[in-house]
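Q: Quick note on numbering: the sequence shown equals residues 4 to 152 in this note's numbering.
No false leads were mixed into what you were given.
Cut-off 30 Å, straight-line C-alpha distance, at most; resulting in silico cross-link-like pairs (DSBU-like, lysine-lysine):
1. 10 - 110
2. 76 - 31
3. 110 - 8
Okay, the calculated beta carbon distance ranges per label pair:
4. 23 - 106: 20 to 30 Å
5. 53 - 16: 36 to 46 Å
6. 73 - 32: 23 to 33 Å
7. 62 - 84: 21 to 31 Å
8. 11 - 147: 21 to 31 Å
9. 91 - 55: 16 to 26 Å
10. 107 - 64: 18 to 28 Å
11. 147 - 14: 15 to 25 Å
12. 56 - 32: 28 to 38 Å
It is worth saying that the hints were derived from the structure and are not from the lab.
From the three backbone atoms N, C-alpha and C, an ideal C-beta is built for every residue, glycine too.
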Amino acid sequence: MVLLKNKFRITALAIVLGFILTRVLALKVAGSFWFDEAFSVYFSQNSLSDMWQFLQFEHNPLVHFLSLHFWIKLFGASEIATRSLSLVAGLGSLGMIYALASKLFSKTAGLWAMFFMTISSFFLYHQTEARMYSLLTLFALLTMYSYWN
4 MVLLKNKFRI TALAIVLGFI LTRVLALKVA GSFWFDEAFS VYFSQNSLSD MWQFLQFEHN
64 PLVHFLSLHF WIKLFGASEI ATRSLSLVAG LGSLGMIYAL ASKLFSKTAG LWAMFFMTIS
124 SFFLYHQTEA RMYSLLTLFA LLTMYSYWN
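Kindly generate the complete structure, drawing on both the sequences and the hints.
A: Put into structure tokens, the structure is as follows:
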């Protein structure tokens with residue numbers, strides 16, 4: 004039984020390390036900001052009052068811009084620094100998808116869900132850009148988990 008628990012933990016750790024490694028490598032080769040990312044970074048560097056006034060014209064989630072605003076204050080506005088916020092949200096999503104699949108099915112299903120999120124090119128792309136998609140995934144998983152709880 005102890006051997007099974009250790010094997011489970013090693014598998015989970017390997018998936019998490021694979022997740023982090025693939026995202027960090029993707030961040031290093033991502034290149035320059037594309038237009039929407041540049042807008043997010045520019046908009047998030049404004050004062051909070053300017054951001055609030057401009058939100059009547061913007062349709063993206065305020066939480067993303069506020070998170071990015073404070074993230075930039077902590078880590079700077081470089082491409083890697085701003086995109087790493089999505090990586091952190093993606094790591095939270097990895098934990099939440101495990102929790103959700105474990106609750107609904109089994110711990111083994113939780114590991115499989117983590118694995119499929121790790122190898123998904125869709126999630127890889129969105130978890131390495133300075134946009135709200137990774138944060139949206141995290142909040143969607145939190146909502147589903149809360150519902151089933």
